[in-house]
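Protein chains: 2
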Amino acid sequence: MRKINVAVVGATGAVGTQMINMLTETSLPINQIKFLASKRSAGKTIAFKGQEFTIEELVPESFEGVDLALFSAGGGISEKFAPEAVKRGAIVVDNTSHFRMQEGVPLVVPEVNPEALKTHQGIIANPNCSTIQMMVALEPIRQAYGLKRIIVSTYQAVSGAGNLAMDELKQQTQAFLDGVPKDEIPANILPAGGDKKHYPLAFNALPQIDVFAEEGYTYEEWKMVNETKKIMEDSQIKVSATCVRIPVLTGHSESIYIETEKPATVSEVQEILTNAAGVTLEDDPSQQIYPQALNSVGSKSTFVGRIRKDLDEEKGIHMWVVSDNLLKGAAWNSVQIAEKMFEMDLLGK
Amino acid sequence: MRKINVAVVGATGAVGTQMINMLTETSLPINQIKFLASKRSAGKTIAFKGQEFTIEELVPESFEGVDLALFSAGGGISEKFAPEAVKRGAIVVDNTSHFRMQEGVPLVVPEVNPEALKTHQGIIANPNCSTIQMMVALEPIRQAYGLKRIIVSTYQAVSGAGNLAMDELKQQTQAFLDGVPKDEIPANILPAGGDKKHYPLAFNALPQIDVFAEEGYTYEEWKMVNETKKIMEDSQIKVSATCVRIPVLTGHSESIYIETEKPATVSEVQEILTNAAGVTLEDDPSQQIYPQALNSVGSKSTFVGRIRKDLDEEKGIHMWVVSDNLLKGAAWNSVQIAEKMFEMDLLGK
Chain A
1 MRKINVAVVG ATGAVGTQMI NMLTETSLPI NQIKFLASKR SAGKTIAFKG
51 QEFTIEELVP ESFEGVDLAL FSAGGGISEK FAPEAVKRGA IVVDNTSHFR
101 MQEGVPLVVP EVNPEALKTH QGIIANPNCS TIQMMVALEP IRQAYGLKRI
151 IVSTYQAVSG AGNLAMDELK QQTQAFLDGV PKDEIPANIL PAGGDKKHYP
201 LAFNALPQID VFAEEGYTYE EWKMVNETKK IMEDSQIKVS ATCVRIPVLT
251 GHSESIYIET EKPATVSEVQ EILTNAAGVT LEDDPSQQIY PQALNSVGSK
301 STFVGRIRKD LDEEKGIHMW VVSDNLLKGA AWNSVQIAEK MFEMDLLGK
Chain B
1 MRKINVAVVG ATGAVGTQMI NMLTETSLPI NQIKFLASKR SAGKTIAFKG
51 QEFTIEELVP ESFEGVDLAL FSAGGGISEK FAPEAVKRGA IVVDNTSHFR
101 MQEGVPLVVP EVNPEALKTH QGIIANPNCS TIQMMVALEP IRQAYGLKRI
151 IVSTYQAVSG AGNLAMDELK QQTQAFLDGV PKDEIPANIL PAGGDKKHYP
201 LAFNALPQID VFAEEGYTYE EWKMVNETKK IMEDSQIKVS ATCVRIPVLT
251 GHSESIYIET EKPATVSEVQ EILTNAAGVT LEDDPSQQIY PQALNSVGSK
301 STFVGRIRKD LDEEKGIHMW VVSDNLLKGA AWNSVQIAEK MFEMDLLGK
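Same order as they appear, the protein sequences are chains A and B. Taking the working numbering, the leading residue of the first sequence gets 1, the next gets one more, and so forth. Taking the working numbering, the leading residue of the second sequence gets 1, the next gets one more, and so forth.
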């Protein structure tokens, strides 16, 4: 029986914490596990399955004997150390955006394009959180009716920006409730840690996630565009996105409009999604049943509801898609990729 | 010089309070003003321009000698008393949805269709808050390039649902910050006062505003569809909406996609909106300048930014539109209608 040695890079962050939760309940036969971080965090302890582990300093040699390395410590760390892990025989599942669009790096949502895993050269990229849940919801519809076009507006939670961003939102919110004037609300992280200006998110909506790039679109918006085409292996799909941060701690919501190739009725789409892997249909307006960010927290599923025909376009459909951005959007999809690879005999010897 | 006698119906609500602010600074030559409410609120006092007024009980005779009656006390009150006011010679500007789609009732955004005021038969309807700001932003573009299609996803504040909804959001938010479990968070009003189930909005997004109606769309969504066609006097415009409540107190945001008849560049659209009545362009990604709900509070303007070409459709444009839903979305648009009517010699004799 194959058993695998696992290394987790970046175990103390918002995603890392959930990575440990997902590894606690994984079907992967873990032999050894180690937790790696920068010198700053090395020496701290971390609990896993009731045992205490000391975080080791991340160096190239850390990956000797490692079969699976899960990276979630920023693009710079992945850029430097993922190749070192691969050189030493590990499979890397990288949660940063660094390798996503590189040729030879599969970008995988297990429910959508597991076959791409076979083409890997050591590194597999985990897509962006907002892309993953959209892919889970749309792929079953694409399989049945084809997919020509996507227009998406997101309602994204702050946990995608890390623990410090979550703390900042809580502090800002309390300050507002305490009557602190708007100009004195602390804002040092959002909307994008690396950008010049910072704005309060509490009781606000910020139409900027990540920094601005070409054509007036943010990187987050470009991720949704480019990653969709790569995952669906269709450069012809029309995709445009507007990505917005709202005062939610965890759980991304998306208002998605699609145009299919063949027309589909609402009940046909509901039927397809009822039977789709990774999807939970929550769609009964008569009972006010629809997906909600708060309810998604802690679930691996992608929730879909508010499915309606466009009022004018025969092949147009609107829907509301929600998922826990730290789980299916990050930690769970990464661990699920590893499980899938194990199942496909691509991991562990 | 004409002077007018004004009656305000529903002066104590979230919109009513702003109505008084708008009347304080109006250019209308007010002769007398009176404040009307149900028996329950009658007898309370209200301050206007440094003077104390006693709220009178609303009865049909209240409108004797009144030239302008501003209604914002719910559809039922408008249904019953607006005709009584008209019967006594008053012009009614009604902020509820009751008369909006009735023939013979102009539905007016002064920047868009002031000419419709000439056709009035006593009652003028103020459009829905989320519709108004969209009309202000899109009409100048429609004038220049034509408008074939609108797809809008909203990010709406709670103040549109009244003072009690604002209080509820604040209480829920404090409870969350204090660690109260999700199931014990008080929720008695949102998403729709008159509906069966209520959900917490704090740190959540609720894809339901008003109750559900035909085709799986909510009334709020239908309002945006039907009112747009009536205000723009074009039943051929394709409109679909997804209306979502988010944890913001005041300031509606909208992610709007349009298709024009003739292609327009981003700088052409920016140029047009720079010179458009009621619009403030806030659109400079290089400086992280874009409209924000928090910044819109207290302004009569509609803020537009994030203007981008669709990545695939030559005639497709995306934008982000924000306005104070209590001002341009309600109180200011109502008072502005009255000012416009006065200017057009339709009010006061």
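Calculated from the structure, these hints are not laboratory results. Among these hints, one or two may not hold up.
Per label pair, the in silico range of CB-to-CB distance [said to hold, decoys possible]:
#: 1; chain 1: A; residue 1: Pro263; chain 2: B; residue 2: Met344; range: 31 to 37 Å
#: 2; chain 1: B; residue 1: Lys148; chain 2: A; residue 2: Met101; range: 18 to 24 Å
#: 3; chain 1: A; residue 1: Glu115; chain 2: B; residue 2: Gln143; range: 35 to 41 Å
#: 4; chain 1: B; residue 1: Gly162; chain 2: A; residue 2: Lys262; range: 33 to 39 Å
Selected chain B positions facing chain A (in silico; Cβ < 7 Å) [claimed, not checked]:
#: 5; residue: Lys49
#: 6; residue: Phe53
#: 7; residue: Asp183
#: 8; residue: Lys197
#: 9; residue: Ala205
#: 10; residue: Phe212
Capping the alpha-carbon separation at 30 Å, the derived lysine-lysine pairs in DSSO-like fashion look like this [what the hints assert, rightly or not]:
#: 11; chain 1: A; residue 1: Lys229; chain 2: A; residue 2: Lys170
#: 12; chain 1: A; residue 1: Lys238; chain 2: B; residue 2: Lys340
#: 13; chain 1: B; residue 1: Lys39; chain 2: A; residue 2: Lys229
#: 14; chain 1: B; residue 1: Lys262; chain 2: A; residue 2: Lys49
#: 15; chain 1: A; residue 1: Lys238; chain 2: B; residue 2: Lys238
#: 16; chain 1: B; residue 1: Lys34; chain 2: B; residue 2: Lys238
#: 17; chain 1: A; residue 1: Lys229; chain 2: B; residue 2: Lys170
#: 18; chain 1: B; residue 1: Lys315; chain 2: B; residue 2: Lys349
#: 19; chain 1: B; residue 1: Lys170; chain 2: A; residue 2: Lys148
#: 20; chain 1: B; residue 1: Lys229; chain 2: A; residue 2: Lys238
#: 21; chain 1: B; residue 1: Lys309; chain 2: A; residue 2: Lys229
#: 22; chain 1: A; residue 1: Lys309; chain 2: B; residue 2: Lys340
#: 23; chain 1: B; residue 1: Lys238; chain 2: A; residue 2: Lys309
#: 24; chain 1: B; residue 1: Lys80; chain 2: A; residue 2: Lys197
#: 25; chain 1: A; residue 1: Lys262; chain 2: B; residue 2: Lys340
#: 26; chain 1: A; residue 1: Lys49; chain 2: A; residue 2: Lys34
Source: prediction; values computed, not measured. Note that CB positions come from ideal geometry on N, CA and C, so glycine has one too.
How the hints compare with the structure:
no., hint, in the structure
1, A:Pro263 - B:Met344: 31 to 37 Å, "47 Å, violated"
2, B:Lys148 - A:Met101: 18 to 24 Å, "34 Å, violated"
3, A:Glu115 - B:Gln143: 35 to 41 Å, "51 Å, violated"
4, B:Gly162 - A:Lys262: 33 to 39 Å, "45 Å, violated"
5, Lys49, "26 Å, violated"
6, Phe53, "28 Å, violated"
7, Asp183, "10 Å, violated"
8, Lys197, "5 Å, holds"
9, Ala205, "5 Å, holds"
10, Phe212, "4 Å, holds"
11, A:Lys229 - A:Lys170, "36 Å, violated"
12, A:Lys238 - B:Lys340, "44 Å, violated"
13, B:Lys39 - A:Lys229, "62 Å, violated"
14, B:Lys262 - A:Lys49, "62 Å, violated"
15, A:Lys238 - B:Lys238, "19 Å, holds"
16, B:Lys34 - B:Lys238, "42 Å, violated"
17, A:Lys229 - B:Lys170, "42 Å, violated"
18, B:Lys315 - B:Lys349, "48 Å, violated"
19, B:Lys170 - A:Lys148, "42 Å, violated"
20, B:Lys229 - A:Lys238, "27 Å, holds"
21, B:Lys309 - A:Lys229, "19 Å, holds"
22, A:Lys309 - B:Lys340, "39 Å, violated"
23, B:Lys238 - A:Lys309, "13 Å, holds"
24, B:Lys80 - A:Lys197, "52 Å, violated"
25, A:Lys262 - B:Lys340, "49 Å, violated"
26, A:Lys49 - A:Lys34, "13 Å, holds"
Of the numbered hints given earlier, the model fails hints 1, 2, 3, 4, 5, 6, 7, 11, 12, 13, 14, 16, 17, 18, 19, 22, 24, 25; all others are met.
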